[in-house]
Amino acid sequence: MPKAEENKLVAKANRTFEESLKEAGIKGAVAVIADGVEMDIRDTPTADVKIQPVFTETTEGLKVLRHSAAHLLAEAVLELYPDARPNAGPPTEDGFYYDIDMKPVNQEELEQIEGRMKALAAKNLRIEKHRLSKKDLLERFSHNPYKIDKIMDNVEDNGYSTVYSQGEFVDFCKGPHVPSTGFLRSIKLLTVASTHYKADENRPMLVRIYGTAFPDDKSLKEFLHNREEAMKRDHRKIGQEMDLLVFNSEWAPGFPFYTPNGFTLKQELTNFMRSLNTLHGWQEVATPHIFKDLIWKQSGHYAKYKPNMFLFTLPDGDNYGVKPMNCPGHVAIFAREPKSYKELPVKYSEPGTVYRYEKSGEMGGLTRPRMFTVDDGHAFLRLDQIISEIKDIISMIKETYSTILGEPSLTFDLSVIDKEAPENYLITYRCRDCGTEAEARKTSMAEELSCPNCSSRNLEPDFTTWDQATDQLRQALDEEEISYTENPGEAAFYGPKIDVHVRDALGRSWQLSTIQVDFFMPTNFGLYYINSESKHDRVIMLHRAIFGSYERFMAILIENYAGKFPTWMSPIQVYVVPVSEKFQDYAKNVHEELLRNEIRSTFDNSQETMNKKIKTIRPRRPSYIVVVGEKEEESGTVSVRNRSNKQNVLKLDEFIASLKSEIKGRVIDQTI
RNA sequence: GCCACUGUAGCUCAGCAGGUAGAGCAGCUGAUUCGUAAUCAGCAGGUCGGGGGUUCAAAUCCCUCCAGUGGCUCCA
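If you count the first sequence from 1, you need to add 3 to reach this note's numbering.
Hints listed in this document are in silico derivations from the structure and should not be mistaken for laboratory results.
Note that CB positions come from ideal geometry on N, CA and C, so glycine has one too.
Among the hints, erroneous ones may be present.
Said to hold, decoys possible - Estimated spans, in silico, between C-beta atoms of each pair:
1. 162 - 459: 38 to 48 Å
2. 510 - 110: 14 to 24 Å
3. 110 - 202: 24 to 34 Å
4. 592 - 390: 50 to 60 Å
5. 199 - 155: 18 to 28 Å
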């Protein structure tokens, strides 16, 4: 999508942009950018100003179009349901939505609403802007508490703001908007969802209607087609077609069961990560899945994580918890003996399976299961080793993604603390009363905390450690020349983190890799090393995961390749079919020779016809289909069909050699 | 957890003005021995997500629980 182009056009003072555009022979603009500000084409500048016309084919124009489409949606809803109370309707990345306080709508009603929108678009109603005082605004929207809120929040007491009207419909809005509803003919309502007002679960539920709008029917149709194709890539669908995993919603809701095919894929990923870890000095360990609750209290997990943990009590009264994270286990190993400064960094890795009680509505396929395996790693460091370690992990991240996914579009985020909500994090507090430099930690609601010395509740949070850690992450990102956005409030409860996000087939963004600096857990567990002066010194922990979770990573992987994996990770690398039962023996030989060469071959010795076998295996997405018959048997060859349905006849040993090098090199595209 | 929608055979789906369940694929049996996306015939397969209610009669209507999906909140 192109951006609005620079344009030397100058709009004259005291006449509308529309007139200036018309004079310059420019048609079809929906807005203008004047001095960097988007404005309506019917606005009138008070002085001559350089402008760029905005067309719907550009990013900016499409946003205007979709914002206007959201208004059109609200208008249609109000005509059909006069009691509805619209809240807000912004454009989104590929469409728009409008949150409306109304009775939930079903599919049929959604179509009715869309029909009404189209009718209103056909009328080509003029969209006009009016400037109103706060008092008039409040009066105009007196029946709509959501708009009242917005007016109160956004308009100064003696101030003015704008409304946009089309026909009978009026909305409180800054604009800009398209000049008339005729621009909004290529629209489609997509789904109905719901949302809490102001994203607060204690506030009322609103109906959120999602839709999209395009400049013309052709691009709308293309979008809808792409969307359908994307839905076919859904990892849940492909996972079933390829028989990678199953869920048993009765016996273990939210827990993935790996079938042989799926486990093969997971093992390949594990092996990849194992060698990468070795190369970068991470030593593999294995830790228990269950711990006594003591450790969770000490680690600080209980304070924040308890509601998400699987907990149980044994007959002897002891309380246990299933691990939601691997860190305490690694801490237990690190703490087994004192460490010298010369031994650091100590870096443990583990494909560690964790269990989190996700609330029912939050689960979904492999992207959000209740059991998942983290390619977890914990580094125990000196202060001076943090930056170089972070940079090394970033290089591991880069290598992983480029090897496995080619060139995916990654987003780096720096997730930092929200200082307005200290109750969400482990923080150092200083006592204001006794002056004691109150040593550290533990969360839970701030008011429950008291000074360990004088029991005063007058505590002041000290963000120094958080700030230090955040600076280190920032510095590492800058030195690696990675562009990122900072997200306040997204930090882990024990420290700030770098996150990598990737989009799934349906455009939803998921966090995969993460690097987290943690000053607190070492304190909570009393971790130290012996420095060059034989004194105890504070250990810094780094939590990191590169895949993030194998499950979520596999979901992205499945959708990225639509199941057509690079051969090295493909569960079925070769599928062998004899032309008829007569050539079973030769087919079996080929199959066994492949197996002897550690190539994953599948051979179906049933009496089905060749055509049928090929048809049936297709959804399993084997990398190569090998057909053998009389010709092949005589010449010791195989007829190889690749994923582009190209056929090649090769000597069996040639085929095996090529295949082995394709697998060993972890080549993404097929070489045969 | 909240709101909405959905739940029929292993899979995809039909049946839903209430009259007691059907197709294709997969499976099994037999025939067929085949050159790159379905050979033919037969057989078998279902507590219609669970429970409760209304009714002479419930897959169909009502209530409730469970699960899945789309969002919200939360998170890898």
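**Report entry** Range agreement (Cβ of residue 459 with Cβ of residue 162, hint 38 to 48 Å)
**Finding:** 45 Å, holds
Requested in this report: Just tell me: holds or violated, for the beta carbon distance of residue 199 and residue 155 against 18 to 28 Å?
Outcome: 19 Å, holds
Query raised in the report: Has the hinted range 24 to 34 Å been met by the Cβ atoms of residue 110 and residue 202?
Result: 26 Å, holds
**Report entry** Distance restraint hint 50 to 60 Å, applied to the beta-carbon atoms of residue 592 and residue 390
**Finding:** 57 Å, holds
**Report entry** residue 510 versus residue 110 beta-carbon gap, inside 14 to 24 Å or not
**Finding:** The hint (14 to 24 Å, Cβ to Cβ) holds, given that residue 510 and residue 110 are roughly 22 Å apart.
The structure shown violates none of the earlier numbered hints.
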